[in-house]
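Working from the sequences, and respecting the hints, build out all of it.
Each chain, written out:
4 protein chains.
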Amino acid sequence: MKALVYRGPGKKAWEDRPRPKLLDPNDAVVRVTQTTICGTDLHILKGDVPTVTNGRILGHEGVGVVDEAGAGVSSFKKGDRVLISCITSCGKCDACKRGMYSHCASGGWVLGNMIDGTQAEHVRIPHADGSLYHAPSGVEDEALVMLSDILPTGFECGVLNGAVKPGDTVAIVGAGPVGLAALLTAQFFSPAEIIMVDLDDNRLEVARSFGATQAVNSRDGKAAQRVMALTGGKGVDVAIEAVGIPDTFDLCQDTVAAGGHIANVGVHGRSVSLKLEKLWAHNVTITTRLVDTVTTPMLLKNVVAGRLAPRKLVTHRFALDELVEAYDTFANAAKEKALKVVVRARD
Amino acid sequence: MKALVYRGPGKKAWEDRPRPKLLDPNDAVVRVTQTTICGTDLHILKGDVPTVTNGRILGHEGVGVVDEAGAGVSSFKKGDRVLISCITSCGKCDACKRGMYSHCASGGWVLGNMIDGTQAEHVRIPHADGSLYHAPSGVEDEALVMLSDILPTGFECGVLNGAVKPGDTVAIVGAGPVGLAALLTAQFFSPAEIIMVDLDDNRLEVARSFGATQAVNSRDGKAAQRVMALTGGKGVDVAIEAVGIPDTFDLCQDTVAAGGHIANVGVHGRSVSLKLEKLWAHNVTITTRLVDTVTTPMLLKNVVAGRLAPRKLVTHRFALDELVEAYDTFANAAKEKALKVVVRARD
Amino acid sequence: MKALVYRGPGKKAWEDRPRPKLLDPNDAVVRVTQTTICGTDLHILKGDVPTVTNGRILGHEGVGVVDEAGAGVSSFKKGDRVLISCITSCGKCDACKRGMYSHCASGGWVLGNMIDGTQAEHVRIPHADGSLYHAPSGVEDEALVMLSDILPTGFECGVLNGAVKPGDTVAIVGAGPVGLAALLTAQFFSPAEIIMVDLDDNRLEVARSFGATQAVNSRDGKAAQRVMALTGGKGVDVAIEAVGIPDTFDLCQDTVAAGGHIANVGVHGRSVSLKLEKLWAHNVTITTRLVDTVTTPMLLKNVVAGRLAPRKLVTHRFALDELVEAYDTFANAAKEKALKVVVRARD
Amino acid sequence: MKALVYRGPGKKAWEDRPRPKLLDPNDAVVRVTQTTICGTDLHILKGDVPTVTNGRILGHEGVGVVDEAGAGVSSFKKGDRVLISCITSCGKCDACKRGMYSHCASGGWVLGNMIDGTQAEHVRIPHADGSLYHAPSGVEDEALVMLSDILPTGFECGVLNGAVKPGDTVAIVGAGPVGLAALLTAQFFSPAEIIMVDLDDNRLEVARSFGATQAVNSRDGKAAQRVMALTGGKGVDVAIEAVGIPDTFDLCQDTVAAGGHIANVGVHGRSVSLKLEKLWAHNVTITTRLVDTVTTPMLLKNVVAGRLAPRKLVTHRFALDELVEAYDTFANAAKEKALKVVVRARD
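Chains as they are written, first to last, in the working numbering: chain X, 1378 to 1724; chain D, 1378 to 1724; chain L, 1378 to 1724; chain B, 1378 to 1724.
If you're looking for bench data, these hints aren't it; they were derived computationally from the structure.
The structure presented is a predicted model; accordingly, all values stated were derived computationally and were not measured.
No incorrect hints appear here.
Because identical chains share one entry, a pair is satisfied inside a single copy or across any pair of copies.
Once the Cα atoms are required to be at most 25 Å apart in a straight line, the calculated SDA-like pairs of lysine to any residue come out as:
#1 K1678 x F1587
#2 K1678 x S1451
#3 K1611 x A1682
#4 K1474 x S1451
What follows is the structure, given as C-alpha cells:
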C-alpha cells in the first residue's frame, strides 16, 4: 500500500509499505477513506517530537472501513464504517477507568507517533473496541474526520476544562482549527460573549461567522487592554489558550477575571512565566490536558442532531495520493486561507 | 485603647489609639480577647504589602466579645462571643453571591490591611453579619482563633482546591502553620498517604504527630526524587504548595501525577516558571485562592464534634501587652520551635 | 393605592389599600410598572395555600421603579428600575450562604404569601439588596417580568437540577409557562433531543416553535410508550416534571433511562407512588426544589446577549386596573391560548 | 467440583458440578478460597428473583486464585490472587464508559444470578480484566471478600450518592452489613454526626463501636421524632436507606433537612409513597443505585493504608463444605448476632 512516511527532520515521502496485519486479538485493520493533517504533524516534520522515528507513517486522524478485526474485538466487524480516534484506549487500565484515555498504560496518542498512523491506505488500530466509533449514517466522512482530534481537543481541553457556563464571557486565543473547534463547542454552553483573538484577520472573520461575538487582532500588542475594555475591566470568566507560546499564555493570565479559568489547549515547546505574585490571590484555575476523546460519543450525537457542523472547518480537499501537496497547502495556512485540509482515498 | 501599629518598613509600636466607633449601620465593634500573628504580618512589617500604610493597626485574626452592634446587624448583639474572620463579606455583591468572599466588592481581606485590625483591645468589623461567627460554647478562644485564617486557608486553598479524595496520595510542601492546617484538614477526606516536605526536622516531626504518613526533608535538593520514589514513580494526586517561592512550586510541578492537582496556598512575591513543555499533556489542574472563609461554619462544626483539634497548632502564649515579644518569638519560629503564637487580653 | 386582594377561597377584589411603608432599614418600596399572574396565584384563590390569609395582596412577580430605599440598602436607590425576584433573600443566614435562598430564614417565598405582594401599585420588598436586580437598559419590562419567577424556576428546578448536558435526550412533561421556560433554558446546554409532552395541541405547537424536537400528546394514555419508542427503548437522560400530579410524575418514572435524572418542578398537592421495586437498581436521581433565583443574574446576561427571548412567553397584555379580567383570561388558558398574561401600570 | 445450587423456592443443595471452563477469550476461571453470603442470596432462595433459575450456583462475592485465563485477558494470569467483584464489566459499552458498570450491556450483576456464581470450588468470571482486582499482599482473604459487594455498595449507593461532606449530620437507617458498610465508609468524609437507626439493640451497639455518634432504636415508631430532636429540629443532611421497605424510606423522608439527600441502598420489593406535597419545595435529592464497584481500587488502597478495617464485619466463619450451616446462621442473624458469615475453602 501507499503511505506518507517520516524520513527524518524536514523529510517525508509517499512510499510503498506492506499492508498492516493484526498483531493482537484486540486489533483491527481499517481501510482509510479520509484523513487530514494536524498542526502536530508539522511539528513532527520539523523533528520536534522525539518519539517519532525515521520510517514512521504519519497521521492520527481518519475515517475508514474495517477490513479485519481480531478475535477479541466485540463491537466492530469487517465492513463497519468507523471513525478513528487519535487516542487509543484499552479500557482496562487505571487511567482508562478514570476516563483519562490519553494516559492509557498501553495506548494514548500512539498513532503516527509510536506506531504507524492514518496517512496511508490502511492502518492497524490497537484496542479497536476502545479506539474506534461507529460512523453514524448520513454524516459525511469529511465531517466525521474532524472528530478524530480537533473537535474533542477544543471541547475537552478548552471548553470542558475551562468550565464554560451559560452567561460567561470567554476569550479564545488563537483562531486556528483547534481554537475554532473550541469556539464551535463553547456554544454548547451558551456563553454570553466569546472574544476571539488572533493575528490573522481572515481567521477572525471566520471566527465571527462561527459565532464569536467579538474579534481582537493582537498584532499591535494591545490585545490584553482591548479584552479588558470589552469586559468593563473585569476580565473574562474563561481564557482558552489555543496557540502554545508564552505570549498567548500571558494574554490569558492578563485577562482572566478573579475566580476564572485558564484552559490550556496549545502544545508548548518551552516554559512560560506564571505570574503568581498577582495570581496567588486571584482564585484562578489553570488546566492542561491531552485530549482524552471521552466526549466523542456525545459530539457524534450533536453532529447527528444537527447542533454541530464540523464541515465548516474544512477549506481544502485533496486525494490521498496528493498528500504531499496537501501538506504544502496546510503548511502555508495563512496564505492559503486554510483551516482543515482533508485528504480522501479515491473510490 | 492600646494597639500594635505599623510605623513603616521594619517598625511597629504598641501605642495608644482611640477606641473604634461604628461607621456604618452594618458595623460591629468587638472587644478582642484573643489574637494571633500571621506570616503575612511579618511580610507587612518588611514593607512588602503596599496597601498597608504608616499608622495602620495590624492583625486579621481574633476572637472577642461584641461591644456594640449597628442597627443593620441582625445576627449579633452586645455581649455575643464571636470569632472574627480574616475576610470581611457584604453578602450582597456578585463575588459574595458566588461564595468568593475574598473578592467582596466592599470587603475581602481588609482587616490589618486597608483598615485597622485585631491586634488591639478593640476592633471595628464592617459587614458584621457576614464577617463574624458565633463562638460555640465549650470551645476555648485559642482553639477558635485558629479558625480566623489558617484553618480555612489550609482547607479551602489547599485541601478543597486540591480536591483531596479518599485513597489519594497527597504531598504538602511546607510544614508551617498553614501547611499543618492543610495536613489536619486533608484528613477530613481520608487520603491514603500524606507526604510532608520541609527543611526543618522539628516541623516534620510535628507533622508526623499530626498525621503525616511520610516526612521528607528537602535540604539536600532531592525532595522530588524522594517523593517520586515514595509513590512508585507515579507522582502524587495532590501537591499543596504552602511556602510561596519558586523552588517549592517547582517541587509540586515535578511530583504531580498525570491527572493530578497543584493547589497553591503560598503567598508569592515573584513569578515562577510553569513547565508547560511537559505539563501541557499531563492533564493537571493548578489552582490559586485567597481564602474565602466560606467553610468556617463547617470547620466550627468539626471542632465542636471533636474531629478537629486546632489547639495543637498553638505553641506559645503571650498577654496582649506582650505583643512585641510575641512578634519576636514568631519571627524566630525555627529557633523557638514556634507554630502559632497566641496573644490574650488580660482578664 | 389600588391592589388585588385575596378575600378567602374563590374571592378576590380590586381594592384601595394604604401605600406600603419601609418597616426595616433593609426594605425598599417599589412602584410596580409590570406584573403577571402565576399558576400558584390560582391555587391560592382556590384556598389551597393556607399561609395566605384574607386581606393579603397577591402577586410575587414584578418589574418597577424604586420609590424609597431604607438606610441599610446599599445597591439600590430611589429611581432605579428593578426586577423583583419572587424569592426574598437576606444573604446572611445559613441557607442564603449555601445559595438556597428559597429557604432563607427570614425570607424565601413571602411576597403575595406571608406579606403583601406585587399585584398592586406599590410593594414593599424586604432584604432589598438580595431580592431586587437592576433592570438592564434596552430590555423591556414584559421580558424582564418573566425573570421574576418562571424562567429561574424552569431553569433551576428543571434544567440545572436535571443536569441537562450537551447531547442529552430530555423529556419535559407539561408545556405550560414553566415547562416552556424549562424548554427555552434547557437549550443553554444543547441537548440533542427535547421531547415535549402535554395534553394541549396548541401548547405542543408552541413548544415546537420554541425548540422542542418532538411533541407527544398524552391524551390517549400512551405517552410513555411513545417516549420510549422515540428513544429506541432506552428512555430519556432527563425527565422534567412540570405539572404536579401523580400521572405526570409516573410518566417521568416510566421513561427515565438508567443513570438518568427526574427533576420535579411541579407543585404537588398529594403524594405520588415511587416505584422503587424497579428504580432501586436503576441509578436514578430525583430532585425537588423551590426556585432559589440564584441564576437570575446569569439569566439577565443571556437576555442582554440576545440568547434568551422571554417575551415569547407573553400572549396577553392588560392594564393594571384590568387585573380581574387578566385573571379570567389566565384561568381559561387553554381556551384563550394563554401562556403568560402581563399586566402593566398605565403611564 | 462441589457447589451450592438453587433448586427452586426454598430449596438449595450442596452438589457435584462440572468444573467451569473458559467460554470466551476474556474469561478467567478462579479457584475460590473465600466466599460469603449476601442478604440477596436469601431473597433468591425465597424465589423472589425471577432471573435465578433452578440449577444455578449461587454467590456473587469471593476471593480466589486464577486457575486459567483466556487469551484476551491481559491483567491476570494463572496463580494470581484476586478479589472477585459482584459486578462484571466489559469496559467497552456506553454504560461502562460512564462508570456505570452495574448496567454493563454484557455484564452487571450476573454472578449467582444469570450465570453460575462463587459459592463453589471454582467459578468462571467473564470480562475478567474488568471484573477482578489483584489482591494486595498482606490483606487477608476475609477482609478482602467484604469488598466484593457490601463495602462498595454502602460506599457508592449510600455515601457517595448521599454526598456526605465534612461536618454533615448523617442518618443511616438499617444497621445490617450494608448499613454498617455505609457507616464505616461515611467516615472517609468526616461527618460531624452519624445517627444509626435499627430495631436491634445488638446491632446498634456494634454501630456505636464502629463510629456512630448516636443510636436510635426504632421499635416504638418514634424514630423520626427522635432524629429530629437530635438535630435540633433541622433534620439530617443525608439519610441513607439501608433496609428496603416503605417504613424505613418514610423515616428518611420525614427526617431529611431542606437541601438534603436521601440515598437509597435497600433492595425494595414494592413501591413507596413519595410525599411530594411536602418535598416539592424542600430542595431534596433522592438517589438509587445498583453498586457499580468503580470505587473498589480506592477502597483497596484504604484497606492497605489501614484506614478501613473490613474484618470488623465478619462475625462467623465456616468451611466451604459447611455452606448449608452457614446459610442457617446467616438466616437467623438477629438470634446469632451475625453480620457477615464467611466461608473458606479448606487448604
